[in-house]
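Chain B: place on chain A using the hints.
Chains as they are written, first to last, in numbering that gives the first Met the number 0: chain A, 0 to 454; chain B, 0 to 454.
Just so you know, the hints here were simulated from the structure itself, not pulled from any lab data. Hints are supplied without guarantee of correctness; some may be wrong.
[Unchecked claim] Each computed BS3-like pair below joins lysine-lysine, with the alpha-carbon atoms no more than 25 angstroms apart:
{"id": "1", "chain 1": "A", "residue 1": "Lys95", "chain 2": "A", "residue 2": "Lys245"}
{"id": "2", "chain 1": "B", "residue 1": "Lys244", "chain 2": "A", "residue 2": "Lys165"}
{"id": "3", "chain 1": "B", "residue 1": "Lys159", "chain 2": "A", "residue 2": "Lys426"}
{"id": "4", "chain 1": "A", "residue 1": "Lys165", "chain 2": "B", "residue 2": "Lys426"}
{"id": "5", "chain 1": "A", "residue 1": "Lys165", "chain 2": "A", "residue 2": "Lys426"}
{"id": "6", "chain 1": "B", "residue 1": "Lys165", "chain 2": "A", "residue 2": "Lys426"}
{"id": "7", "chain 1": "A", "residue 1": "Lys165", "chain 2": "B", "residue 2": "Lys159"}
{"id": "8", "chain 1": "B", "residue 1": "Lys278", "chain 2": "B", "residue 2": "Lys244"}
[What the hints assert, rightly or not] Now the stretches of chain B that chain A is said to cover, found in silico as 3 or more residues with beta-carbon under 8 angstroms:
{"id": "9", "region": "33–41"}
{"id": "10", "region": "54–68"}
{"id": "11", "region": "172–182"}
{"id": "12", "region": "197–210"}
{"id": "13", "region": "232–241"}
{"id": "14", "region": "417–431"}
Every residue gets a Cβ at the ideal spot worked out from N, C-alpha and C, and that includes glycine.
Number of protein chains: 2
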Amino acid sequence: MTPLRINLEAEDIPIRWYNVVADMATPPPPPLGSDGKPIAPEAMMAIFPGPILEQEMSAQRWIAIPEQVRQVYAQWRPSPLCRALRLEQMLGTPAKIFYKYEGVSPAGSHKPNSAVPQAYYNKLAGTKRLTTETGAGQWGSSIAYAGQMFGLPVRVYMVKVSYQQKPFRRSMMQTWGAEVFASPTDRTQAGRNVLARDPKSPGSLGIAISEAVEEAAADPDVCYTLGSVLNHVLLHQTVIGLEAKKQFEKIGLYPDVIYGPCGGGSSFGGIAFPFLADKFAGEKRAANLRCVAVEPTSCPTLTQGAYAYDYGDASGYTPIMKMYTLGHDFVPPGIHAGGLRYHGDSPLVSKLLHEKHLEALAVPQVATFAAGVDFARAEGIVPAPESCHAIRAAIDEALRCKQSGQPRTILFNLTGHGHFDMASFDKYLSGQLEDYAYPREAIEQSLAGLPKVGS
Amino acid sequence: MTPLRINLEAEDIPIRWYNVVADMATPPPPPLGSDGKPIAPEAMMAIFPGPILEQEMSAQRWIAIPEQVRQVYAQWRPSPLCRALRLEQMLGTPAKIFYKYEGVSPAGSHKPNSAVPQAYYNKLAGTKRLTTETGAGQWGSSIAYAGQMFGLPVRVYMVKVSYQQKPFRRSMMQTWGAEVFASPTDRTQAGRNVLARDPKSPGSLGIAISEAVEEAAADPDVCYTLGSVLNHVLLHQTVIGLEAKKQFEKIGLYPDVIYGPCGGGSSFGGIAFPFLADKFAGEKRAANLRCVAVEPTSCPTLTQGAYAYDYGDASGYTPIMKMYTLGHDFVPPGIHAGGLRYHGDSPLVSKLLHEKHLEALAVPQVATFAAGVDFARAEGIVPAPESCHAIRAAIDEALRCKQSGQPRTILFNLTGHGHFDMASFDKYLSGQLEDYAYPREAIEQSLAGLPKVGS
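Chain A extracted, bound-state conformation (with noise of 0.2 angstroms):
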């Protein structure tokens, strides 16, 4: 029987998280207040406890995963990391390709491996309840699950329009326990200058935002959780990449190219960093290594945003970071992989991509559908929109294989199941899907409305 599944034992999930700050040639630029200075942990400390905090600003190569958070990872890590061996028939390529599934978490996606440590140190510091915002609900769902799994109430401020259009993602919530608000609500001064300007607001992510996070600043026992771009969201990530070199070096292989989906850029860092860490310490098997986050290009913050400082949301509430955006103006179409639709970029991925140890690669919607229905049909598990973006660059990847002949051995994460969104699978396949590309002006529009901070 050929192994096509690449198993680990509970053992081997990693004992700590890489920190590619390490690793990093300088410091990565600090986050500012809207008066253009640094600003103080002190002030974060009012919506995230400190550990979290620490973990933000550490420089530290290597931090240690406590034995109860690698205890609730056992639950479904090591994940896999399988051989599309039927993928790579169809295509008639030369190349390996393999994929790290991270769906196989109780939510469905790569979004636990964060949630589970944040509500873990969130009880550790003795907060009392955790808040989020969520959209279409990967990271919410993920929250209330994580939060049970650590006795913490949780409460999500969900996008109005998402939790009327999408419920399922919502009773996953509630399911576990979660209380549920579609955001705007009247219970914070945010959704409440929303409602009395427009009592019909469908909410918006940066609403969402503003209301949880205003509900953990106001309450010493309350603390805010975000699911990605931050830090130490990348950092818990590591996980996956960590565990795929383990997977890799089980069966003498080494990755020539690695291909991740990238929105906020969590699951991309996730994945790459730790084979970047081979890179950076000038490991020969690495030394051609290429890690490429994949976005759409009805977003390209990546491949056509600027680099500079920006706010994280689109109210302006949050600090400037510095990152790829297209400015928090950016509304991007509403496209299918919801987890993707995002203004800026990681600070971390966006400072590598800066400094070219990364690569991006934006593709269109249709072609993403396209290639998570022959992943589907070859290798049996129906994708999330958002890794589709992977398995379209992988395919291509692959393809190009075939034209030159090389054997390359393609990575790609497969971050989470489609299993919650059928209803788009539906559109691509009768046809109702469409490809979104903003012109350039419209771009260039929204960068000219950037921060003049910091710059």
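The following block gives chain B in isolation, referenced to the frame of chain A:
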């Protein structure tokens, strides 16, 4: 770290299925035609391929699993055996609770365990296309997946009301390349007859079966597949119990009681029979083992039905089989565990129950969802409504252990995840679910319609 997930390696995937018929004191009563005479195997050849029929009739104890089937199984098998430690703690029970988790398959349930070999043997026998019927889509999606794995086109007749109201499993089948028709269709005589009487017919499983069987019977290149009830389906499902036994051996334990949800009986037989084999062999460890089939009070086949010859379908198209039945006219209420809404049961499970080798238990709907939510909050996995029946029984057993102080080892079959059933959890959480129990007179009335042959 407490090992809560007992994994096996790919080489531990069973190399043979266990056939409980070999251990029965008397052979199972043969299926009869409507004339009351045993059906000749040749008569079944019109809709089933030779190797499948051979398994259906076999009394051989062990039947080899082809390598090509094991290769596909290896995508998700061996499935994990998990210790529900958090649930035990939540209940405060001295019992040890384990579950075998079949939701890790591509289709999200145990169904591919039989869909894969059925597709394989059909391919081997030269079948050019498969047909089947499906209600909510669990079986349809599994055979769509399995057909794709062996390059066999699949046509699914999906009950029209489900086709319209539960579009997501339909999308999944189509993503896997299957053709899905809303039944009744005008493609078959059976469908046209229904439509002539009622152009707006919402369809039924009985009508969909008739359409799928008619297409298979009319075309020598087409075969029909069934997802439960028949002997060969239960045979294939024994991989569940065979793996579980190996996993218990790994940790030096053995279950005192096994609970599985029971509709057509395949997942229940799959987990129970390999353990029952130990009992038949006189093994000491199995001396006090109890295997309990759990069904809904709204469709109490095993607990209130008759052990008698009856049709497998509502319309009387199939052979007559000796089984527990509520009568083929019995129409269960529209409960949310669609997989358990069947008037009959597996002839093998029925015979073993009749001979008191197995037990049966009926539980009401609302209590099963309550158990499912408790389980989701403790263990992090949202279970399928069918699985919730076994969870209810396992929790009740654990609570009895709490009363008695007995540290029993409980095993239940977590047959699938509930990702496509969130609307049902929504109803439960908002207090809209109801219990149904059939008045005994209604059951008597339905039983009065049993065929007058073979009794």
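Hint by hint, here is what the structure shows:
no., hint, verdict
1, A/Lys95 <-> A/Lys245, "holds (17 angstroms)"
2, B/Lys244 <-> A/Lys165, "violated (41 angstroms)"
3, B/Lys159 <-> A/Lys426, "holds (20 angstroms)"
4, A/Lys165 <-> B/Lys426, "holds (15 angstroms)"
5, A/Lys165 <-> A/Lys426, "holds (15 angstroms)"
6, B/Lys165 <-> A/Lys426, "holds (15 angstroms)"
7, A/Lys165 <-> B/Lys159, "holds (23 angstroms)"
8, B/Lys278 <-> B/Lys244, "holds (13 angstroms)"
9, 33–41, "violated (count 0)"
10, 54–68, "violated (count 1)"
11, 172–182, "holds (count 4)"
12, 197–210, "violated (count 0)"
13, 232–241, "violated (count 0)"
14, 417–431, "holds (count 7)"
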